[in-house]
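A.B. asks: Following the hints, put chain B in place on chain A, whose structure we already have.
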Amino acid sequence: DGGITQSPKYLFRKEGQNVTLSCEQNLNHDAMYWYRQDPGQGLRLIYYSQIVNDFQKGDIAEGYSVSREKKESFPLTVTSAQKNPTAFYLCASSISVSNEQFFGPGTRLTVL
Amino acid sequence: GNSVTQMEGPVTLSEEAFLTINCTYTATGYPSLFWYVQYPGEGLQLLLKATKADDKGSNKGFEATYRKETTSFHLEKGSVQVSDSAVYFCALSERETSYDKVIFGPGTSLSVIP
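Respectively, the protein sequence lines represent chains A and B.
Counting with this note's numbering, you get residues 1 to 112 for the letters of the first sequence.
Counting with this note's numbering, you get residues 113 to 226 for the letters of the second sequence.
Okay, chain A solo, but in the shape it has when bound (with noise of 0.2 Å):
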């Protein structure tokens, strides 16, 4: 089956630790994205990436960073400058930038 997976489900974190969520897709899709969610709001763009090699920071970009190494994979660093990174954090993908967004199941992560 064709989909994006996510993992872990669930990161636990000290505080000032580095931490790296992983999103793999075998769906051939050129195109990956990065957003967070919080309670009671809507997703936030941090980064997207055209192709392979590139990415773009979205609305909400500090203090995370992405690589895009090979086209299946796009794993997203939440670093210790992010001053509230406890979220649910969702990747998704997609043929193109101009086409329809399908979603990963998500890592719940939360910062003690």
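I should point out that these hints are in silico values taken from the structure, not numbers from a laboratory.
Some hints here could point you the wrong way.
[Said to hold, decoys possible] Quick list of the computed label-pair ranges, beta carbon to beta carbon:
| hint | chain 1 | residue 1 | chain 2 | residue 2 | range |
| --- | --- | --- | --- | --- | --- |
| 1 | A | 8 | B | 113 | 32 to 40 Å |
| 2 | A | 52 | B | 114 | 23 to 31 Å |
| 3 | A | 73 | B | 182 | 26 to 34 Å |
| 4 | B | 179 | A | 54 | 45 to 53 Å |
| 5 | B | 120 | A | 63 | 23 to 31 Å |
| 6 | A | 110 | B | 221 | 16 to 24 Å |
| 7 | B | 173 | A | 16 | 46 to 54 Å |
| 8 | A | 56 | B | 114 | 17 to 25 Å |
All C-beta atoms, glycine included, are put in the ideal place defined by N, C-alpha and C.
C.D. replies: Just chain B, lined up with the frame of chain A:
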């Protein structure tokens, strides 16, 4: 800037009741409009979409019509089921300099009771 506004939840309905979730948008151009659904603990799934004025999107008994004159895209279903309990997000897609940015509303939580 462009934005999406949804009716506040939570919405609680009895099974087989009629559902309406209001959505209005602000946009400078001619965006595409979407409804996404998020079941508990999961990611978002596209429920339906409309790409131009007067288009009607439909899926799984849900419908929404793109109304440019009222800048609205209200979601309706004639008879809800317990399995429809989820959070519903209205969204629009607008062209940025290099990609189609998707702007999401805050979501409306729906609970359907037997």
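A.B. asks: Confirm or reject the claim that residue 173/B and residue 16/A have a C-beta distance inside 46 to 54 Å.
C.D. replies: Once the Cβ atoms are compared, 49 Å apart, the range 46 to 54 Å for residue 16/A and residue 173/B holds.
A.B. asks: Looking only at beta-carbon atoms, does the pair residue 73/A, residue 182/B fall within the given range of 26 to 34 Å?
C.D. replies: violated (43 Å)
A.B. asks: Measuring from beta carbon to beta carbon, are residue 110/A and residue 221/B in 16 to 24 Å?
C.D. replies: Because 21 Å falls inside the window, the suggested range holds.
A.B. asks: How does the Cβ-Cβ distance of residue 52/A and residue 114/B compare with 23 to 31 Å: does it lie in that range?
C.D. replies: holds (29 Å)
A.B. asks: Take a look at whether the Cβ-Cβ distance between residue 120/B and residue 63/A falls inside 23 to 31 Å.
C.D. replies: holds (29 Å)
A.B. asks: Is 32 to 40 Å respected by the C-beta to C-beta distance linking residue 8/A and residue 113/B?
C.D. replies: Once the Cβ atoms are compared, 35 Å apart, the range 32 to 40 Å for residue 113/B and residue 8/A holds.
A.B. asks: Holds or violated: the 17 to 25 Å window for the beta-carbon distance between residue 56/A and residue 114/B?
C.D. replies: holds (18 Å)
A.B. asks: Does the Cβ-Cβ separation between residue 179/B and residue 54/A fall within 45 to 53 Å?
C.D. replies: violated (37 Å)
Violated hints, in rising order: 3, 4; the structure is consistent with all others.
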